[in-house]
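K.L.:
Residue numbers (this note's numbering), protein chains in the order written: chain A, 20 to 201; chain B, 892 to 1098.
Simulated from the structure, these hints should not be mistaken for lab results.
Cβ atoms here follow ideal geometry from the backbone N, Cα and C, with glycine treated the same way.
Treat the hints with caution; some may be incorrect.
[Claimed, not checked] Calculated lysine-lysine pairs in the DSSO-like style (CA-CA distance at most 30 angstroms, straight line):
id : chain 1 : residue 1 : chain 2 : residue 2
1  : B       : K923      : A       : K193
2  : A       : K181      : A       : K171
3  : B       : K931      : A       : K193
[Said to hold, decoys possible] Quick look at which bits of chain B chain A covers, simulated, 3 or more residues with Cβ under 8 angstroms:
id : region
4  : 902–913
5  : 1076–1083
[Said to hold, decoys possible] In silico contact screen, one side only, chain B against chain A (beta carbon under 10 angstroms); selected entries:
id : residue
6  : D899
7  : R924
8  : K925
9  : R933
10 : Y1023
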Amino acid sequence: MEDYQIVDLYWARNELAISETSTKYGRLLRSSSYALLASYEDADECVNDTYLAAWNSMPTARPVYLAPYLTRIVRNISISRYRQLHREKRGGGDIIGELTECIPDPETPDARYRDDELALEINGFMKALSEEKRAVFIRRYFWSQDISLISKETGISVPAVKTMLFRMRGELRKLLERKALL
Amino acid sequence: MNRETKFDKACRLYVAIGSAETDMLNAALTYKRKKAGFTKRRAVALIAACLAFTLISTAMLAVGFYGNFGTGKDEMPDSTTDPSSAPTCFTATGIYATVDPRQIDLFDGTRKLVWENSEGYHLLNLNSERDYGKLLREVGKGDRVPYGESTEKLCRIWIAEGDGSVVSPCLSPVPGNVGYGELFDYQPEFEISGDFIDLASRLLGEQ
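Model the full structure from these sequences, guided by the hints.
P.N.:
Following this line, the structure appears as structure tokens:
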């Protein structure tokens, strides 16, 4: 089924939209989430939350391409879960755990502004890359693809992909330091 | 505390990457490295390689050429390369009638001496079995032509048995050098021996 047909189902409030989304993008979403959480159980939960979020966001939204739209949602849900797990893992009750409560809430206007600015700079950084480098960067850090898969699908050798990513991380680090964004 | 800060920063970075434009995200999935075609750069490289090969080949040939002519032995006239030094009996023109090589019957039972010079093909029937035997014994008896020496086809000679088999005095007498039914092309391994020239000269003079 084409993306626009699935979106139509969401807009028609037809529950078939969820199963069609799962059929077409379930694996992609699960792998994106798993790349961050390294837990199938948690990844499945995040994917289910993604379907729910998609159901709630449409009909308001009408994405042309569902894959990036849904992946953004699953990434945001997964990173929230990751933060939560990381916090729990560090253990509540210890002094460090208590002190993390002093860290400003990222939803404050200041943090929101800094995040927007960071997103803007990241976009600019990616646009400045060559088409090949950009493809590798996005495949790795947005689509969470394995390096061997990137190599296979782009026709670039594995060592070349690794070198490219290493250099791009270095460039990004310099940019972030220069702009004092992180 | 520092590790925690890094963790938070990494999470923010992860979220920020997620805000990339949709077109870029889709384009990344369709990107495939193009197979190298015949680019301008490759064309230049190819031309450079050809030039280098030509230069090296020329240099090697020049070294070989002057190197050979620098030695005393190779300064001697070479009968296979220099028409003026080839046996007079075979190079003399205007004396022996030329024949059409297609008309030479190699199966007629007559032994023959055939040679080719600048005029064309010439034929001498060998009536004496003894002379024929003497000529055959001189096959491959001349000085060996140095390996890689230029072998201009100025004077080529064949001895035909009359039953289709053909040999050349310029080739070693081995079964692989026996032709059949044709005046085969060859690259001389030996110069024609002096005895062969003497005998052939005598036979031609008697003609």
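K.L.:
Hint by hint, say whether it matches the structure.
P.N.:
A quick look at each hint next to the structure:
1. B:K923 <-> A:K193: holds, 28 angstroms
2. A:K181 <-> A:K171: Holds, at about 13 angstroms.
3. B:K931 <-> A:K193: violated, 35 angstroms
4. 902–913: holds (count 12)
5. 1076–1083: violated (count 0)
6. D899: Check passed: Cβ of D899 of chain B comes within 7 angstroms of chain A, closer than 10 angstroms.
7. R924: holds, 4 angstroms
8. K925: holds, 8 angstroms
9. R933: violated, 18 angstroms
10. Y1023: violated, 72 angstroms
Checked against the numbered hints above, the structure breaks hints 3, 5, 9 and 10 and satisfies the rest.
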